[in-house]
Amino acid sequence: MKNLLGILYGAVFGIANIIPGVSGGTMLVTFGCYDKVCGALALDIKEIKKNLRFLIFFAIGAAFGIVGFSNVITLLFDKFPTETYMFFIGLILGSIPLIIRNATVKEKFRPFCAVPFLVALGVVVGLAVLEKGSADPFPVITARDNNGTVLTVTVQNNSSQDITSWWLEPEWDGEARDLDLDIISGHVIKEARESTIGKLFGKAPDTVIVPDGSGELKAGEKVSFTLSAGDGLTLEPKYSYRITPFFIITIALASFAAAVAMIIPGVSGSFIMVLLGTYATVISAVKDFNFAVLIPAAVGILLGLVLGARLIRLLLKKYRLMVFSAILGLCAGSLYAILPEGFGLNVHTAVGAAALIAGGALSFFIGKNTKAEE
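Okay, so the sequence shown: first residue is 1 according to our numbering, each after it adds one.
Mixed in with the good hints, there may be bad ones.
[Said to hold, decoys possible] Simulated crosslink set (SDA-like; lysine to any residue; CA at most 20 Å straight-line): (1) Lys-317 with Phe-112; (2) Lys-49 with Ile-60; (3) Lys-106 with Met-322; (4) Lys-238 with Lys-317.
[As the list claims (entries may be wrong)] If you anchor each label on the Cβ, the simulated ranges turn out as follows: (5) Leu-303 with Leu-118: 29 to 39 Å; (6) Pro-97 with Thr-142: 18 to 28 Å; (7) Arg-242 with Gly-126: 57 to 67 Å; (8) Ile-45 with Ile-100: 29 to 39 Å; (9) Val-306 with Asn-146: 30 to 40 Å; (10) Leu-253 with Ser-228: 38 to 48 Å; (11) Val-119 with Thr-149: 50 to 60 Å; (12) Asp-145 with Gly-122: 45 to 55 Å; (13) Gly-232 with Leu-253: 17 to 27 Å.
The set of hints was computed from the structure by calculation and includes no laboratory data.
Bear in mind that the values here come from a model prediction, so they are computed numbers and not experimental data.
All C-beta atoms, glycine included, are put in the ideal place defined by N, C-alpha and C.
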């Protein structure tokens, strides 16, 4: 049972870290394994030996969550955002008793604990406000004519980096597949592409819309074209930035910051990458095996995890009560950060309430049977 729980914790942690706005660190606190994972990430040999069995199964679950559930969780957030977010809210709420027990192992809360609580709460709410106001780096804007038969498509580079190539993958009612698109005007063409990996996972259609020419789109530029297509069509953008020494350093530093944020409860590592404008680039690099981006990102992530975990462990040893007060504030702020839209007297809200109760019951039950870590 402990091995299965280790896999479950790892899977939830992995899933949370690929969702902008959801904190992997919060999930670690929720399941009472924050200290264990931080000890391993800090390369503390004594802690690694002590928790080796758990860490092995946790790592298996994390890899499984990132690789095996990335498509599933994306589908859930696309189709059932209210229900999915409310399930995560339930997980956080149900973990509060365990967080309090961890905080008060050696001493009780004092009035001054309100300071780190409120500061941490403000940081997460502030980041959430920034996230909701952040611009899409490569938006695809579509508009139909009055007859509904002609679709005008505009793609724009809102980032500060030049895009060297881009293309659009057509989806019909959320499914990637070949479509009979009739390009009416604009500097674009249709091209048949073979994607073995895409076909294996059923993600990439053969027919994509690509620009006629180099496909370069400088920062701030946009291009438009029109096509004839029926309802239900969406265009998924794919693009790659120009690789320069400055860009590589940016990727490494952004990945470092995201990795540190990844293990801080209440803060989303994925959102930090969105905020710094590197999320789409790194995700695309993972899918396309672009090692020019993956290598600096991996270096930044490894350094961020190790140094971030060491800093957090040091703070926990010296200021445990203050740190857990901040963690409570981070978790409280994350409730606002992932609060879904669309509440009302509807089926989604009703099912979401059930999902919240289920998530809360799950984390409360696990927390009740988890020993507070000293």
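Quick check: does the Cβ-Cβ distance between Gly-232 and Leu-253 fall within 17 to 27 Å?
For Leu-253 against Gly-232, whose Cβ atoms are near 41 Å apart, the range 17 to 27 Å is violated.
Range first: 29 to 39 Å. Now tell me if the beta carbons of Leu-303 and Leu-118 are that far apart.
holds (31 Å)
Assuming the hint says 50 to 60 Å, is it satisfied by the Cβ distance from Val-119 to Thr-149 or not?
55 Å Cβ-Cβ, so the 50 to 60 Å window holds.
Is the hinted range of 45 to 55 Å satisfied by the C-beta distance from Asp-145 to Gly-122?
holds (47 Å)
Does the alpha-carbon distance linking Lys-49 and Ile-60 stay inside the 20 Å limit?
holds (17 Å)
Just to be careful, I want the Cα atoms of Lys-317 and Phe-112 compared with a cutoff of 20 Å; is the pair within it?
Between Lys-317 and Phe-112 the Cα gap is close to 18 Å, so the pair holds against 20 Å.
Does Lys-238 pair with Lys-317 here, judged by a C-alpha cut-off of 20 Å?
At roughly 45 Å apart (the allowed maximum being 20 Å), Lys-317 and Lys-238 break the hint.
Has the hinted range 30 to 40 Å been met by the Cβ atoms of Val-306 and Asn-146?
violated (59 Å)
Within 29 to 39 Å or not, the Cβ separation of Ile-45 and Ile-100?
Holds - the Cβ-Cβ distance for Ile-45 and Ile-100, about 31 Å, lies within 29 to 39 Å.
Within 57 to 67 Å: is that where the Cβ-Cβ distance between Arg-242 and Gly-126 falls?
violated (32 Å)
Using the C-beta atoms of Leu-253 and Ser-228, is the stated range 38 to 48 Å upheld?
With Cβ atoms ~45 Å apart, the hint holds.
Compare the distance between the alpha carbons of Lys-106 and Met-322 with 20 Å, and conclude whether the hinted pair is satisfied.
holds (12 Å)
Hint violations for this structure: numbers 4, 6, 7, 9 and 13, all remaining hints satisfied.
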